[in-house]
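**Student:** At position 86 of the sequence shown the residue is numbered 128 (the working numbering), and the sequence of numbers has no breaks.
Any given hint might turn out to be false.
[What the hints assert, rightly or not] Straight-line C-alpha distance at most 25 Å; calculated DSS-like pairs for lysine-lysine:
| # | residue 1 | residue 2 |
| --- | --- | --- |
| 1 | Lys158 | Lys128 |
| 2 | Lys361 | Lys128 |
| 3 | Lys103 | Lys174 |
| 4 | Lys174 | Lys289 |
| 5 | Lys103 | Lys128 |
| 6 | Lys289 | Lys158 |
| 7 | Lys289 | Lys160 |
| 8 | Lys59 | Lys361 |
| 9 | Lys158 | Lys262 |
| 10 | Lys160 | Lys262 |
Don't read these hints as lab results, they were simulated from the structure.
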Amino acid sequence: MMVFSLRDFDEKPFFEKYAGEYGLELVSTPEPPTAENAYLAEGCRYINIITTPLNRHLLEKFRSLGAEYVVTRTIGYDHIDMTAAKELGFKVANTPYGPDGVAEYTIMLMLMCIRKMKSISIRFTGQDYTLKNLLGRELSDMTVGIIGTGRIGTRLAEMLSGFGCRILASSPHPNKRAAEFAEYVPLEQLYREADIISLHAPATEQTRYMIDSAAISSMKDGVVIINTSRGSLIDSNALADGLSSGKIGAAGLDVVEDESELFYFDRRGDVLRNSSMYLLSSFPNVIITHHMAFYTSQAVETMVRDSLKGAACDMNGEKNLWTVSD
Numbered sequence: 043m044m045v046f047s048l049r050d051f052d053e054k055p056f057f058e059k060y061a062g063e064y065g066l067e068l069v070s071t072p073e074p075p076t077a078e079n080a081y082l083a084e085g086c087r088y089i090n091i092i093t094t095p096l097n098r099h100l101l102e103k104f105r106s107l108g109a110e111y112v113v114t115r116t117i118g119y120d121h122i123d124m125t126a127a128k129e130l131g132f133k134v135a136n137t138p139y140g141p142d143g144v145a146e147y148t149i150m151l152m153l154m155c156i157r158k159m160k161s162i163s164i165r166f167t168g169q170d171y172t173l174k175n176l177l178g179r180e181l182s183d184m185t186v187g188i189i190g191t192g193r194i195g196t197r198l199a200e201m202l203s204g205f206g207c208r209i210l211a212s213s214p215h216p217n218k219r220a221a222e223f224a225e226y227v228p229l230e231q232l233y234r235e236a237d238i239i240s241l242h243a244p245a246t247e248q249t250r251y252m253i254d255s256a257a258i259s260s261m262k263d264g265v266v267i268i269n270t271s272r273g274s275l276i277d278s279n280a281l282a283d284g285l286s287s288g289k290i291g292a293a294g295l296d297v298v299e300d301e302s303e304l305f306y307f308d309r310r311g312d313v314l315r316n317s318s319m320y321l322l323s324s325f326p327n328v329i330i331t332h333h334m335a336f337y338t339s340q341a342v343e344t345m346v347r348d349s350l351k352g353a354a355c356d357m358n359g360e361k362n363l364w365t366v367s368d
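All chains, full assembly: derive it from the sequences and hints.
**Tutor:** This is how it looks when you write it as structure tokens:
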């Protein structure tokens, strides 16, 4: 197996442990896959990546080197050209991790937004201890709308029930567990009634820019938008316009558009080409983190373990629970 983007400081011990357990020989690099380093995968049947895009050109290169299987150490796999992968005969797998970490992080962002924590922190650092314009809100008095009730959205609804807030949900696939804590409503109603909107939908053509100018205009004044899912769900320009006008009261973003060349690299001193992120990060009521809601020791071990276990299942002709396309 060829492992790209391997992090010595957290993933390496788990790779060493589970590679031995599952009988896999590893070749690795800390670098993401590129046309220049693709040769490292020569003779490897399995390719192991994280969030770096795998386009047709790279997939063709890996196929010519003998690869047959791609696994991403993430839940989402929208960074892989699935059409090309299928045409080239690749099996593709992902690595779902437990929902608790992202659900907890989402609640943290909600609380930081409604308590104006970014402004508090900036003011405190500058030794300004005044209270003006820092008045917060209590979650128990608010209505939270959850878009997408898969494992994470459902777990979020369950956790939020302890705060006493009203919970709305919208999803093309309602489930009984989420319905125990949230009221399923049409998306248009959720937009109208929610004080906080939290996104937990996958990145697809149908969900791209589901939060656009029209959607924002239908929301409550002062709405708080939280995104721990995928950056492409929000039109960044529309979000900035909503923040500038005051229509949007705050935003907590763990993901942004076009983040693949930013997260998880050291870009200190670089002029970034993501102008929308520069703009959004300048707002005192916007909190941006670098796609790390998932980042707990439990999740990292799970992602490494299952990325290797799935390959071992494939190698041994056993059922692979993590295959998303073959």
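**Student:** For every hint, state whether the structure bears it out.
**Tutor:** Evaluated hints:
| no. | hint | in the structure |
| --- | --- | --- |
| 1 | Lys158 <-> Lys128 | 46 Å, violated |
| 2 | Lys361 <-> Lys128 | 19 Å, holds |
| 3 | Lys103 <-> Lys174 | 59 Å, violated |
| 4 | Lys174 <-> Lys289 | 21 Å, holds |
| 5 | Lys103 <-> Lys128 | 15 Å, holds |
| 6 | Lys289 <-> Lys158 | 16 Å, holds |
| 7 | Lys289 <-> Lys160 | 19 Å, holds |
| 8 | Lys59 <-> Lys361 | 22 Å, holds |
| 9 | Lys158 <-> Lys262 | 18 Å, holds |
| 10 | Lys160 <-> Lys262 | 22 Å, holds |
When the structure is compared with the earlier hints, violations turn up for hints 1 and 3 and for no others.
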